[in-house]
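> Below, each chain spelled out in residue letters.
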Amino acid sequence: MNRLAFGEVAETSPRNDSAKTPVWKWVAGAGRRVFLTVPVLPITVLVYIGLAVVTPGFASWPNVQNLLGSLAVLAIAAIGATMVFLVAGIDLSVGSTVALSSVLAAIVTKSTESILLGLATALVVGMVVGAINGVAIGYGKLQPFVLTLGVLLVARAVAYISAAAAAGGGGTAASVGQLPGEVLDFGRSSLFGLPTVFLIAVVLVGIFAVILTKTSFGRNVYLLGSNERAAQFVGIRGGLLRLRVYGIAGTLGGVAGFILMTRLGSGTATAGDTLLLQVIAAAVIGGTSLFGGFGGVWRTLVGVFLIAGLANALGLLGMPSWTQGIVIGFVVVLGSGLAVYLHARSGRK
Amino acid sequence: MSVVKKIGAVGTVAVILATAGCATSADPVEGESAEGITIGVSFDRLNDAFRIGEKKYLDLYAEELGVTLIYQDAQSDAQTQSSQIQSFIAQGVDGIIQIPWDTQAVAADIAAAAEAGIPLGIIDQQPADTSDVFFYVGGNPTADGRIAAEFLIDAVDGAELKVLELQGGLNNINGIERSAGFQDAIATAPNITIVASSPTDWQPEAALAATQNALQAHPDLGAVYAPWTGALPAVYNALDAAGKLTEVGEPGHVWTVAINGDEIGCRYVSENMLAVDIATDLPEMARQVLDAVIAGIDGEVPAENVVLLDGVPYTPENLESKRDMIWGCS
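Going down the list, the sequences are from chains A and B. Using the working numbering, the final residue of the first sequence is 349, and nothing's skipped along the way. Using the working numbering, the final residue of the second sequence is 1330, and nothing's skipped along the way.
Calculated directly from the structure, the hints in this document are not laboratory data. Hints are all accurate, no fakes.
Examples of chain A residues lying across from chain B (beta carbon under 8 angstroms, computed):
(1) Gly57
(2) Asn63
(3) Ser70
(4) Ala174
(5) Val176
(6) Leu260
(7) Arg263
(8) Gly265
(9) Thr270
(10) Ala271
(11) Asp273
(12) Leu316
(13) Gly318
The structure displayed is predicted, hence computed values, not measured ones. Heads up, the beta-carbon is just placed ideally off N, CA and C, and yes, glycines get one too.
The whole structure should be built from the sequences, with the hints applied where relevant.
See the structure below:
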């Protein structure tokens, strides 16, 4: 049995500890498993504590709500990107998919005054982009990097063209605004005191964590990413599985685009430019391997928290963007380095 | 045991620091003085000379007025900027100044600030819908383009002239209107022909390629319109390679006209290379927005909520007399 393919399950499954095991030993064991499963989690907690100490206002409840709301788009887009990484792929078009979905969803929402039709549009757009990626990579055997780079350029261009066409004689060509009030009302609403969009992101992370760890589909994803030949031997159809993974990633990009539209009250063609690198960074910091077969969406969510928290706090501190880049860059390198080290260490035991 | 100790230590530290963090969060915003006003400033980006110039004059007038400014850089991301505005509101700043990245999405920021009762002044990037804007002040891109064209019309005095029009980013109002203003004015002069209108997206590389292409297609090219001074080094590079780089007034001179007023424009005007640069009035922009926001904090409403400032044209002949008005020269 391939270690990487099922490592995620083994790490997250509770051990069959004896009933006589002292509580502290159980806690220590659980803590160790958490550290090995999501090595960046304790670091993230410590970073947050440190940021709360040094950053006035960081730990205030309004800022926490603001932070949670702002990371939803990144978290949802990063779920799909993580799944793509797990099959040893890469999706450079994720940011452009989000941007295109947000623009087209905004156009439909504006013209029909129906937020549900906007959501449907975003889902369809994401699904179509994902399906194009999946077919070309899964069956056309195109290099994911090159293919998704091309799709990135096309999707971004279509987003700009669509926004320009929708703007007509007025406004700017980079975004579509003046949407019905319910759009922003939804994007900035709260449930149980937490931003609705954040709760949606957490639910999606939970669903895909279960899918990846508890279903044959998920196990096949890990196996295909860690050892394609072994996957073929056990009858996994790599092309179809990649199509499904890229399709899911695209659809999640569509969801993220819709959430972005509701957060901003506009569909914006420029959104993808910064999102792509954040998505990759979140997955890498979380410890998901870019070479496939190892990682998971909870890890990525922690990476999202780390990036978003740092950006929020450094901004509150008034730190220039250059300095922020240095700090976040160091964290990406150190976080990914730690993940690689711990992964290798746990593999030797 | 060692693992347990480590976890215990981390947990203890976490509890202590979390408590400290929560206590800190209740403190007032750092830098806010009891008698002063604190204004949050969100820039769409802070990575070029123009934005740095805007920050310089905001700082200058804020210091004169005794106002504390807290800066945030949205790094060209609408969601980041929206989050920053929310943070300012959560921090309880007295006023907000914003240069929006997304001129549509800024509507949500305007609504949020209004709901919180915080005056929000916007500079430089005009919102797509200004009906609910508390105050906006910016350059007048249409007028700037028109002034550049009128300078050329006067300069050639009826002689035939072929012009290359470089265009900025056509996804923002400054790019669109600087082009529209220029084209509309040139259309009134039948002796002047725009031989090419080349989009550059504010990229010097694109300006270089466009100038090279225009010089190849039209060896008798007589003028280049650059809607931002950042294109000028590339334009002069192409002219130099074609053996057409001369000072203003020399035989065979290819006219160059530009908009901005930064140190690049100032240098080329002082070297008698650039015939005219139309400087955006950054000092006035900073002064007006600070005055409006401070008045808003006191409950006053500006007489006009949208103010467009015409640029200040300066040439090699009048540079010294206008130097103090040009933000890139001082």
